[in-house]
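First to last, the sequence lines map onto chains A and B.
48 is the number that full-length UniProt numbering gives to position 48 of the first sequence; each next residue is one higher, with no gaps.
437 is the number that full-length UniProt numbering gives to position 437 of the second sequence; each next residue is one higher, with no gaps.
Keep in mind the hints are simulated off the structure, nothing from the lab.
Since we're looking at a predicted model, the values are computed, not measured.
Keep in mind that a hint or two might mislead.
Treat identical chains as interchangeable: a pair holds within one or across any two.
Derived lysine-lysine pairs resembling BS3-like cross-links, with alpha carbons at most 27 Å apart [claimed, not checked]:
no. : residue 1 : residue 2
1   : 296       : 129
2   : 329       : 129
3   : 329       : 138
4   : 138       : 255
5   : 491       : 134
6   : 279       : 491
7   : 491       : 296
8   : 522       : 134
9   : 329       : 149
10  : 279       : 198
11  : 149       : 218
12  : 138       : 218
13  : 279       : 134
14  : 522       : 169
15  : 296       : 283
16  : 255       : 129
17  : 529       : 149
18  : 140       : 198
19  : 464       : 279
20  : 522       : 296
21  : 464       : 529
Protein chains: 2
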Amino acid sequence: MLLKCRYLSQFSISELSKNAVSISSAIEKCPFMAHARRTLASTSTPLDHSIRNCPRSETDNLVPFNCTDTIDCPFFKQVENLKLNKIIRKRSEHNLVEHHNHNESKLRLNLHRQKRKLHENSDLFDYEKFFNQKIDDKKKDGSYRYFKKVIRHAETFPRIQEYAEENVKDITIWCSNDYLGLGRHPYVQSKVTEAVWKYGAGSGGTRNISGSSPLHYKLEEELARLHQKESALLFTSCYVANDTTLYTLARMLPKCHILSDEGNHASMIQGIRNSGIPKTIFKHNDCEHLESLLQKLPTDDPKIVAFESVHSMDGSICDLHRMCDITHKYGGIAFIDEVHAVGLYGETGAGIGERDSALEKMDIITGTLGKAFGNIGGYIAASSNLIDTVRSFGSGFIFTTSLPPSVLTGSMASIEISRSDEGRELRAKHQLYARIVKERLIRVGFPVMNSPSHIVPVMVGDVKAAGEICDRLLNDHGIYIQSINYPTVAKGEERLRIVPNPHHTMEMIDNLVHGLTDAWTKTGLRLNKMKF
Amino acid sequence: MLLKCRYLSQFSISELSKNAVSISSAIEKCPFMAHARRTLASTSTPLDHSIRNCPRSETDNLVPFNCTDTIDCPFFKQVENLKLNKIIRKRSEHNLVEHHNHNESKLRLNLHRQKRKLHENSDLFDYEKFFNQKIDDKKKDGSYRYFKKVIRHAETFPRIQEYAEENVKDITIWCSNDYLGLGRHPYVQSKVTEAVWKYGAGSGGTRNISGSSPLHYKLEEELARLHQKESALLFTSCYVANDTTLYTLARMLPKCHILSDEGNHASMIQGIRNSGIPKTIFKHNDCEHLESLLQKLPTDDPKIVAFESVHSMDGSICDLHRMCDITHKYGGIAFIDEVHAVGLYGETGAGIGERDSALEKMDIITGTLGKAFGNIGGYIAASSNLIDTVRSFGSGFIFTTSLPPSVLTGSMASIEISRSDEGRELRAKHQLYARIVKERLIRVGFPVMNSPSHIVPVMVGDVKAAGEICDRLLNDHGIYIQSINYPTVAKGEERLRIVPNPHHTMEMIDNLVHGLTDAWTKTGLRLNKMKF
Chain A
1 MLLKCRYLSQ FSISELSKNA VSISSAIEKC PFMAHARRTL ASTSTPLDHS
51 IRNCPRSETD NLVPFNCTDT IDCPFFKQVE NLKLNKIIRK RSEHNLVEHH
101 NHNESKLRLN LHRQKRKLHE NSDLFDYEKF FNQKIDDKKK DGSYRYFKKV
151 IRHAETFPRI QEYAEENVKD ITIWCSNDYL GLGRHPYVQS KVTEAVWKYG
201 AGSGGTRNIS GSSPLHYKLE EELARLHQKE SALLFTSCYV ANDTTLYTLA
251 RMLPKCHILS DEGNHASMIQ GIRNSGIPKT IFKHNDCEHL ESLLQKLPTD
301 DPKIVAFESV HSMDGSICDL HRMCDITHKY GGIAFIDEVH AVGLYGETGA
351 GIGERDSALE KMDIITGTLG KAFGNIGGYI AASSNLIDTV RSFGSGFIFT
401 TSLPPSVLTG SMASIEISRS DEGRELRAKH QLYARIVKER LIRVGFPVMN
451 SPSHIVPVMV GDVKAAGEIC DRLLNDHGIY IQSINYPTVA KGEERLRIVP
501 NPHHTMEMID NLVHGLTDAW TKTGLRLNKM KF
Chain B
1 MLLKCRYLSQ FSISELSKNA VSISSAIEKC PFMAHARRTL ASTSTPLDHS
51 IRNCPRSETD NLVPFNCTDT IDCPFFKQVE NLKLNKIIRK RSEHNLVEHH
101 NHNESKLRLN LHRQKRKLHE NSDLFDYEKF FNQKIDDKKK DGSYRYFKKV
151 IRHAETFPRI QEYAEENVKD ITIWCSNDYL GLGRHPYVQS KVTEAVWKYG
201 AGSGGTRNIS GSSPLHYKLE EELARLHQKE SALLFTSCYV ANDTTLYTLA
251 RMLPKCHILS DEGNHASMIQ GIRNSGIPKT IFKHNDCEHL ESLLQKLPTD
301 DPKIVAFESV HSMDGSICDL HRMCDITHKY GGIAFIDEVH AVGLYGETGA
351 GIGERDSALE KMDIITGTLG KAFGNIGGYI AASSNLIDTV RSFGSGFIFT
401 TSLPPSVLTG SMASIEISRS DEGRELRAKH QLYARIVKER LIRVGFPVMN
451 SPSHIVPVMV GDVKAAGEIC DRLLNDHGIY IQSINYPTVA KGEERLRIVP
501 NPHHTMEMID NLVHGLTDAW TKTGLRLNKM KF
């Protein structure tokens, strides 16, 4: 029996016999068992006992391997019995994890070699040069993005920390899309951590292959109820939800035509463009223009009319009833992105559809779990048939690992809060603060764009000036607002996008107004003070 | 001053004067303040004090609103001072969250109305009928997917629970892509939960708008080091990483041509197809075929050769050196999906590239944090210029909420384990178990596909039989294997995809072999027992 084990078989029978009780020397020489033995050393189970009871000697239905298979080693089974897994898992973090020190010089050498190789043959396309040029072009036209390195601490938000080179600086954030701060709400945090301990971190599979838990169904039901639809479907993000849903429906519906708001988010544009079907762009939130376009299309062909309820970058809110009515009048279905509205509008936080009592007119609603709901992920809500179709045919849904259980419990907690008095209170404060910030900025003379929503966009219209203002705000006043430039908005429409949070204070609002006034004028821009 | 407040202004001055000390009746009638007062009731700060010290009466730089603004209410500022936010957050879960009871009958009515409406005008396209038909077609051809409802518990994995209608049943999972069980490793779990408490659940923004934390950079550096590349870039999933990277590069590189392995994952196909550039499909892992195709293309035009190192559904492993050498010989760059290899192969778990010492030849490596690393998300690793280009131009990267801090710390913990002795031990067991399962199934006579990797595919070739076997396994033996059908594999190539885990036991392997034999023969399929 012992001879079947590649490691033990190198010892003579007599050698093994002599050591039959402790057999430690043989084990020490076995690369697999040596480690197991070290692990087992901490337990008090004597090793010599198991060798006499090794189940391997009594069974013959295992293949006799002639390779490195320790399965034939009598200790192996014993290790199983002692639940090595459990022992491994219980070892402390420090003993367990040996940080692997990469050989940095080797890495550099490799990278050098890779680069050299690409240049060896000058006839071939020079990828590095090409990519470098693309980046240089972006740097030259001012649209190259330097991401600010920031991290929020749950306790102090909206006070956060900026990492600039070696320095860590406390600043106030005015551009977080965790609109109500629910991502750091203790109830949400507790639900998330509870699930991590209970179910682990990831889901371990696509929805079809072991990744559909009761929690997925429960959250989908909650979302359907929230939006008063028959069904809902989860995606890894609303980018993927928009892209996949529009792409899938557009390609599937015979002779389909898409009417797309000119202000639509990149995720919708991507799905529409990739579908390759005919599309027409209508002016932003312009019902007349939409109707005039719909009139020209055959009545009986399917049409998807896609738009946002609250526009992410100008803060406008569409006339939901009219948009949907017009869409239906000409036989279309309305696809509405409520990403910047869910959790923020309506009695239970279902969005503009709920606020305006237009839920029943909305054929497809898309939303996010990553903004007001403070987690990550996206979803669609619609009729059961439509949802089942996207579920069955949408590549971006099918072929990706499902959301982790903890994201689901966290999102459910957020939705629960959103539906409660606390949610209503947070929304009231959120709207109030947005109004205060808008009014105060207008009073000082800032070109605040006409936004009826919680988004406060201040038009700059110049990429360099917008960047400079934000740098000054950050460096001189400890205030973080992100300047928004191409491709998020059109060139020449660069702006500051300010989003108040119910957790801001009056002092923070004061500092914002004063800081922005200072940064704005120092950048050389003028303020048009209103007369009262 | 009080008259500025819409709510308080409805009371007469004398009425307010009378109540100047307690002013409770006025507050009770103010919808905003009533709630705040209830909240404050638990604190001992007297309300009457603040009204005399209301800062509103001493400042005039606030706009006099004539709307619903409680900012003009003297209590509002006081509420701020008392840090309402903190009070709200400290209230217990039970007091806080009132679950909103939806009016179910109203919901049903709405849904009914929506449906009726769509049918009112019979000239218009009938969407519901169309989608219903699509689903029926899928049900008829057997490719309709009924997701199994399962959940794993961190403690008992790979024993998990199946939810079938009202019953909960303990079963053993043999199809989890949490290949090493790291998603429920206590070290990973502790790092995840630590981050949730410290930083909150979500990231709160896109990478450009407040969503780039030091943790994002740190993980990207770790991933770059792991794969010995200059840089890495995180995505919400590897589906998005593949799709976005291929789409962005293909559209950008002038006269680019893509050569795509016929077995490529849907995410790659999606990116390639959407880019709209010329593409050629080469036979799965066929170097000769690839070379013959490359020979026909202009030498100096850019080419992307895209393939997987370990194939997700047949378990094959490509000849990395030859594939890359051929690609470079003809001036292409090699795009390699290591999704089913990262964490599982090589000294530090960097994948087949590390195992085969081919890292330096791989131009673009894509990987996942959602399988062997047990979390969620995807990434690419490549040269700095290439990474910066995708970062600057990739729509699927730019326009989406960044990964939550907890996913980053969890993934870093997994990578740390992956690099350690424990990682090597887990990989050794993983490979060993895969070999044992393969050998035993072959011995019994199952048509195990020739797979040198940890994936054990058993060919069935019939969608109904594959489904039936899995149902029998689940119902009769408590074993969960997912049958794989179209569109994940071609029609007629339906299979069982078995993935052993180092946390399986010998007993579980025994049960798998016996259960599968029983389910297979009861489904009417034959076994071709090998002669030894």
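Consistency of the hints with the structure:
no., hint, result
1, 296 - 129, "between (48 Å within a copy, 25 Å between copies)"
2, 329 - 129, "between (54 Å within a copy, 18 Å between copies)"
3, 329 - 138, "neither (45 Å within a copy, 31 Å between copies)"
4, 138 - 255, "between (39 Å within a copy, 21 Å between copies)"
5, 491 - 134, "within (17 Å within a copy, 43 Å between copies)"
6, 279 - 491, "within (23 Å within a copy, 33 Å between copies)"
7, 491 - 296, "neither (31 Å within a copy, 41 Å between copies)"
8, 522 - 134, "neither (32 Å within a copy, 61 Å between copies)"
9, 329 - 149, "neither (49 Å within a copy, 40 Å between copies)"
10, 279 - 198, "neither (47 Å within a copy, 46 Å between copies)"
11, 149 - 218, "between (36 Å within a copy, 11 Å between copies)"
12, 138 - 218, "between (45 Å within a copy, 25 Å between copies)"
13, 279 - 134, "between (30 Å within a copy, 23 Å between copies)"
14, 522 - 169, "within (22 Å within a copy, 68 Å between copies)"
15, 296 - 283, "within (16 Å within a copy, 47 Å between copies)"
16, 255 - 129, "between (44 Å within a copy, 16 Å between copies)"
17, 529 - 149, "neither (34 Å within a copy, 61 Å between copies)"
18, 140 - 198, "neither (51 Å within a copy, 39 Å between copies)"
19, 464 - 279, "neither (34 Å within a copy, 40 Å between copies)"
20, 522 - 296, "neither (52 Å within a copy, 60 Å between copies)"
21, 464 - 529, "within (23 Å within a copy, 74 Å between copies)"
The earlier numbered hints that this structure contradicts are 3, 7, 8, 9, 10, 17, 18, 19, 20.
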